[in-house]
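Student: At position 344 of the sequence shown the residue is numbered 344 (our numbering), and the sequence of numbers has no breaks.
If you are wondering where the hints come from, they were derived from the structure by calculation, not from laboratory data. Glycine included, every Cβ here is placed at the ideal spot set by N, Cα and C. Incorrect hints may appear among the rest.
DEER-style ranges, computed between Cβ atoms [as the list claims (entries may be wrong)]:
hint, residue 1, residue 2, range
1, 593, 532, 24 to 34 Å
2, 554, 716, 39 to 49 Å
3, 969, 1004, 20 to 30 Å
Listed next, the in silico DSSO-like pairs over lysine-lysine satisfying Cα-Cα at most 30 Å (straight line) [as the list claims (entries may be wrong)]:
hint, residue 1, residue 2
4, 905, 825
5, 497, 369
6, 645, 548
7, 510, 456
8, 669, 567
9, 886, 905
10, 1080, 1113
11, 360, 548
12, 729, 664
13, 395, 265
14, 818, 780
15, 780, 699
16, 780, 745
17, 409, 872
18, 708, 695
19, 406, 443
20, 780, 669
21, 620, 659
22, 805, 926
23, 300, 880
24, 265, 525
25, 63, 101
26, 931, 880
27, 497, 409
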Amino acid sequence: MKSRSLLINIILIMFISASGVFAQGYYATTTVTDTIPINFDNRYSVSSVSIIPLTEKIILRGKVLNKNDYKISYQKGSFSLSGSLAYSIFDTLYVSYDALKLSLKKNYSRRSLVVKYDEETGDTIKVFQSANSLLSSESIFGRGIQKSGTLVRGFTVGTTRDFTVSSGLRLQLSGQLSEDIEIVAALTDENSPIQPEGNTERLEELDKVFIQVRHPNAIGTFGDFDLNERIGEFGLVTRKLKGLKSEFIFDDYQATVAIAGSRGKFNTNQFNGTDGLQGPYRLNGINNERDIIVIAGSEKVFIDGEQMKRGENNDYVIEYSSAELTFTPQRVITSSTRITVDFEYTDRQYDRNFFGANFKSSFFDDKLKIKLNYAREGDNEGSPIDLILSESDIKILEDAGDDRFKAVKTGVALVPPDSTGRRVGIYTQIDTTLNGESFQIYKYAPGDTNSVYSVKFSQVGNGNGDYVRESLGNYTFIGIGQGDYLPINLLPLPQLKQMGNILIEAEPFKDVNIGLELAGSLFDKNTFSKLDGNDDGGAARTITLNIKPRELNIGNISFGKAGLTFKDRFVHSRFTSLDRFNDIEFNRDYNVGTDAGENEQLREFGLKLIPVDELNVTSKYGFLKRGESLTSNRFLTDVNFSNQKTYNVVYDFDYVETKRPTLKSNWTKQLGDASYQFGKFRPGVNFLSEEKKDKIPNKDSLSSGSLKYLEGAPYIEVSDISGFSFLAKYSIRDESFPIDGQLEKESRASMTTFSSKYRGIKEVSTSLDLTVRKKKFTDKFKQRGLSDNETVLIKSQTRLNFWNKLVDSDIFYEASTKASSRLEKVFIKVPRGDGNYIFLGDLNNNGLPDESEFEQVTDDGDFIQSTVPTTKLFPVIELKASTRWKFDLKKLFRNADSFIEKIVKPISTETFLRVEENSTVEETSKIYLMKFSNFLNDSTTIRGFNQLQQDIHLFRNRSDLSLRFRYIERENLNRFTAGIERGSFTERSLRLRFKLVKEVSNQTEIINQSDNVSAPASSNRARQVSSNSFNTDFSYRPIRNLEVGFKVSFGRIEDNFPTTPTVIDNNFQSLRFNLSFAGKGRIRAEAERDELLSSTTTNAIPFEVTRGKVIGKNYRWRFSFDYRVAANFQTTVSYDGRKQGEGKVVHTMRAEARAYF
1 MKSRSLLINI ILIMFISASG VFAQGYYATT TVTDTIPINF DNRYSVSSVS
51 IIPLTEKIIL RGKVLNKNDY KISYQKGSFS LSGSLAYSIF DTLYVSYDAL
101 KLSLKKNYSR RSLVVKYDEE TGDTIKVFQS ANSLLSSESI FGRGIQKSGT
151 LVRGFTVGTT RDFTVSSGLR LQLSGQLSED IEIVAALTDE NSPIQPEGNT
201 ERLEELDKVF IQVRHPNAIG TFGDFDLNER IGEFGLVTRK LKGLKSEFIF
251 DDYQATVAIA GSRGKFNTNQ FNGTDGLQGP YRLNGINNER DIIVIAGSEK
301 VFIDGEQMKR GENNDYVIEY SSAELTFTPQ RVITSSTRIT VDFEYTDRQY
351 DRNFFGANFK SSFFDDKLKI KLNYAREGDN EGSPIDLILS ESDIKILEDA
401 GDDRFKAVKT GVALVPPDST GRRVGIYTQI DTTLNGESFQ IYKYAPGDTN
451 SVYSVKFSQV GNGNGDYVRE SLGNYTFIGI GQGDYLPINL LPLPQLKQMG
501 NILIEAEPFK DVNIGLELAG SLFDKNTFSK LDGNDDGGAA RTITLNIKPR
551 ELNIGNISFG KAGLTFKDRF VHSRFTSLDR FNDIEFNRDY NVGTDAGENE
601 QLREFGLKLI PVDELNVTSK YGFLKRGESL TSNRFLTDVN FSNQKTYNVV
651 YDFDYVETKR PTLKSNWTKQ LGDASYQFGK FRPGVNFLSE EKKDKIPNKD
701 SLSSGSLKYL EGAPYIEVSD ISGFSFLAKY SIRDESFPID GQLEKESRAS
751 MTTFSSKYRG IKEVSTSLDL TVRKKKFTDK FKQRGLSDNE TVLIKSQTRL
801 NFWNKLVDSD IFYEASTKAS SRLEKVFIKV PRGDGNYIFL GDLNNNGLPD
851 ESEFEQVTDD GDFIQSTVPT TKLFPVIELK ASTRWKFDLK KLFRNADSFI
901 EKIVKPISTE TFLRVEENST VEETSKIYLM KFSNFLNDST TIRGFNQLQQ
951 DIHLFRNRSD LSLRFRYIER ENLNRFTAGI ERGSFTERSL RLRFKLVKEV
1001 SNQTEIINQS DNVSAPASSN RARQVSSNSF NTDFSYRPIR NLEVGFKVSF
1051 GRIEDNFPTT PTVIDNNFQS LRFNLSFAGK GRIRAEAERD ELLSSTTTNA
1101 IPFEVTRGKV IGKNYRWRFS FDYRVAANFQ TTVSYDGRKQ GEGKVVHTMR
1151 AEARAYF
């Protein structure tokens, strides 16, 4: 037995060695030297298991022994000396030899026999001691390292797919490598294209990979990291990068260097909201392009200058893939809501590179600080992503200079003829005359014999184009300058930004700070072109003085504290920064508007007075000048009189006077809030007021930018009265805008806000947020096309649990006014086997992959179906409501004495109701008051879904006998670009579970279903299906870890949609075998036979009728084996075979090894 084991080991070693040799092309060898004392057994073992024959050299008493002086066994790795050789017990052998480099030990053991001292007996004893597993986390990573994750390696091979290797690594590490070095790492070799959902406050970035090594004097980060640096006012960089970041800290010196690939471009969108529209608000790129993807987690959203929190329970949610922002009912959006969004996005044009470095030092006990910063970010023109640039394209870019509209070529192409000589395009060219000149219009007409063109359209901005996008690939001409698309191909300009600045800060006296910042920038708008290079550079500088509030005394009289600030800033017209450096409300504060492109001079003086601790007064004067086109003077005063425990009074006054060559403006803004605490009650009132008068010089009439509004809002807040808290607020807002040069009242808006929470008793938990805003316009403005509107935002969540779960309920209700678009179905190519559709080809010869040309399958699909929103948005009211009620009568009759109680006690019920409606109905109350006659309406519903499920159980949790009756009714309606799809589904089922004997159990079901769908003819989804089925499943478990099962079912399916109904009889049989090994693994084998007999062979049968099976006999057999080799190492092998109808047999085999850390 030992010889056999040794032989196996030697063969294994030789096989591995040979594999390594042939794979690498050379022997990976090493020279080993062993020192071995002479022993009485005359048997000596070398340390290596892979000695190379005839390479040994044995030295005894300084002489090399010849082959006759010893006998060696290369297989066993041992030798003995000849009896004729002279030596003594005090001699030592020196053995050197060549061996293969193999990570194999000579002996392996799970336990070893060790000698320990027994204190009770005073003697030594031999005990077993477990050896560390070679596959344990500790043996791999060492002690002191916290780790979690998996390592997966596997392969798949089959009749319909090539041999593919799959691998996956996801590992998180943290801990001390040494006393001074700490490591934190998140590693993966998976490339996940999935963007995290933007509906939570914290994001799970699945594809974030990094290694960070920390030392008291240095920090190194490799992989994905967030760079957040601010040096002075201009040196602001916030980026999500992939590369290397190094930080060095030595005493008073700090330095940071980052070399990485930039994941996106930075942009800021500023816009006002719309009355009654919580979203979605679509974000645009720098050139107003819509086809962008927002980098997950890069966005910062501000409302009226205040930063919002992401999350369904906070302020907003965001769809990163479509760049759409939607606000929750907690934030009411109106036409006066100012929304600002900073974000990074990718347009997949060029790879982007980033380099940044900064240095910080301090001297004289931090009295003097010097900071240097440099950042460079740009496109790699030699590495385009989703485009291919020809030599002619590059020539166009070289000649375009900085003008993106010169980097253009035609988007119209004549389709080459196919194998039959026919040109199959999707656009027809129509020649016409406009203003006496010939003009070509392109009409979307797939399938038309005159459609011989393919046309690429580019977005050029609203009012600059002639076409609008109806859906993917479908553009419609609406008039010269009336759209935002043109039939051209805009070649993207690769750009490069560089910015550097130096900041010097000094504290010559206590609480007195002086700062000087100098900055310069270079912005090359087209790195392909050498033209227009003389306008790339710009500069900026800032001088600041800050005197912190300090005691102001005259004699023995204290006047409190006073502080002073001063700022002088100059920004050259061509200066550019990597991020926005102005405050969120800067343009509004100085009434700047869209003025840009000129040198800017800014001076601000600030005075802060604190007469007493409860009173703070801040006054500021600002002067802004931009060239000769704009001058602004701003006067600001903030007063805060507060004792947080009792009273709080805030008043802000802001006045801006702006002069332009063609316009003079005066803008007054006021804000106030006052409240007082009476026990647990805090009543208060706040107000907002603005008046802006824009006048043309030497004229008294007001221009269109003028406005006036006044808003007042009393409120009361109650905190925790027996677990009940609420806030109630009512506001009225009057707005005025100019008509014929005079301010006229435009509208009055009233808003009621109520928010409450109750946690008084453990059985009830509820919250309610309600906002109702009504805006009514005056007759003068109604004549201009404005109409009254109403905003309703409701969100309620309730949890009930009475009488020890006799009654258990959840209630959810949410209603809000939003905007919605119709959805378009698209099919996306994926690797074979990962999809559930196959493409049948261009059956109608129209050059487009239509929905009817995709067939749904259960196996070997290479397309998946998705939906994308169209461009046009509709105002809608959206409702989401659901409730679940559970009644368990055994909680009521714990001691069933009477006959009635014994009958009722086993009964439990569960009712679930879910309603979703997205509707364009004008009377929104019909939706949020749940008048169901207006739901799922063909003319108003965009998307809708209703479901009722009722379960009645007898002996619900008993394993020997239980009964369940289920009723499901579901209706849905979806408005797609191809048409309306309406569905109706009903199910009635009875399920019985029982045990014949302890080892034999059975589950039997009787199911009646009806499934009706009306859909456009192009989808092949229309059906009127009714079905009845009976199935029974026997399970035999003679011992705990062995199960044998047998299942039989039969039924009939009828589709009455075709003129001649389709009738399918189905019978099904399966046999399964399960054997489990406690804590180790499982073997499962299963065989199925499924026969479908149809009454007709001419009708098209929807996938939902046959569930992907073919008419005839369908066979499927499966085998799987799972085994846990070690505590953290598991292997899986599976085989799947199938034969459908007259088709060939398809085999698929998968194997996988998974290690857990």
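Student: If any of the earlier hints don't hold here, list their numbers in rising order.
Tutor: 4, 7, 10, 12 and 22
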